[in-house]
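First to last, the protein sequences are chains A and B. Position one of the first sequence corresponds to residue 3 (our numbering), numbered consecutively onward. Position one of the second sequence corresponds to residue 290 (our numbering), numbered consecutively onward.
No lab work stands behind these hints, which were simulated from the structure alone. No incorrect hints appear here.
Which residues of chain A face chain B? A few of them, derived with a C-beta cut under 7 Å, are:
#	residue
1	Leu-91
2	Thr-216
3	Leu-226
4	Ala-227
Glycine is no exception: its CB is placed at the ideal position from the N, C-alpha and C atoms.
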Amino acid sequence: MRERLTISLAAIAALLLANNLHAMFLSLPDEAMQGAIYRILFFHAPAAMVGMIGYFVALTLSIMYLSFGTFKYDSLAASVIEVSLVFSLVNIVTGSIWARIIWGIWWTWDYRLTSALVCILIFSGYLMLRRAIDEPTQRARLSSALCIFGCVDVVIVWKSIEWFRNQHPGPVLDFRTGGGRMDPAMSHVFYLNFLALLLVATTLVLIRTRQESTAREIDSLRRLAHAA
Amino acid sequence: MDARNFTYMFYGFTAAWLIVLLYVISLARRGARLKKELEDVKQLVRGERSNQEDLFPNRVG
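Bound-form chain B, shown alone (with noise of 0.2 Å):
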């Protein structure tokens, strides 16, 4: 019984850290794909903006 017993506490244990674990694992990757849609869209703008002034270069504001 002891023997399972502490077993048992190593599974509750290692359950515990695992889902935190997989939790931030998420975040970390969620984070870099937001980054890098981030700076395609910025890129996407910047092309927007430099299409726009070579069709309309006289264009105020």
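Excised from the complex, chain A in its bound form (with noise of 0.2 Å):
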């Protein structure tokens, strides 16, 4: 059953994707201002936004496990935080890559490049943090407060670019400006692209999970086979 939800998942995201770039390429014109490389705009914030849906997952699976001490809900954040993870390094070096054309440079310290890039170092952290500690119960328990307190970072990369004047462009899209900042077409791709990231993302955190309970279930059998 959950293994075909993977591959249904999967099969949708595919679809999506290539409805998406078929859309990007093909019935989309050049942005006046910036050219052919506005492009990268259906990819670099969608990614951040999966990725910071998946850390406020986290933080509410991490709240759980804190609360109720189930392990299920601790590995369910371990594996969604894994996944945002590399959603958030996509954002960070298609932003670079981006900017070097835009602004001539690769990288500058304001606060949402800077914050996004502290983001990604604490859930960094967090998944050698896993790796360092043996004892389940520990494990889950400092893993767990990281979590949250990473998850204050999070808040401050989603509303630098309101709180404080940046090189990074200010907020463009509707659900934050109440719109007429990008054209609709443009918007509709957005969205679409947002949505099949989504998907590609919760395929992911699946097939992760199901390894994580693959895990634990070695680690009773060692425990039983010691026993013995």
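Now that you have both chains on their own, put them together as the hints suggest.
Structure, rendered in structure tokens:
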């Protein structure tokens, strides 16, 4: 059942991505100021949004672990954070390539970019912490605490373009500005691509979660073998 | 500028998919390793059980 769901999600994501790529390259014209490079936006911003949604899902799961003590929540949070980290990395790399053309530089220490980099460092630390601790209860408790701490930075990443004057462009998406900053045809493709990336991320989380449960099974069998 | 603009757009798309692809490959490798490890541990548990049965043939439960 779960395998079928994973395959179905992956297939829908692939079809949607093919449709979106077709629209990006063959339907939409180049942007007046930026030319062809603006198309990076269709992956750069949705990847950031998918990453942020993932971090907040992991925050909820970490709080649930700390409240109920169920290991399932902890391993699900770890899976979600690992996948979110991949999308945050896509966000920062594509942003840097876009910046090279538009700003003439690969990187600048403005609020948005720096807080996004700190976010990647915190959640990389989360994954390292999990590898460093063998005792499951201690590992789950400490990593849940780190996840809650890390999500404070996610809020700063999200709001930094409203709170501070940055080199990074301000909000352009309809749900943040109330509309009018982006052409409807472009924003249609943007949201479709966000949906496609969200489906890709969900598929990856499902695969990763199954691996976590296999790892838990191996741990319990090992304990059984040692106890015998 | 336009040619360079297009080239960098291509780099951006390639980088995005390359990162996801590398992660998928790492997931597949990890999955294969876990599957093998599970089989090994299952075999170990089966071995321990048959050893116990050889040592205590009359033990119940």
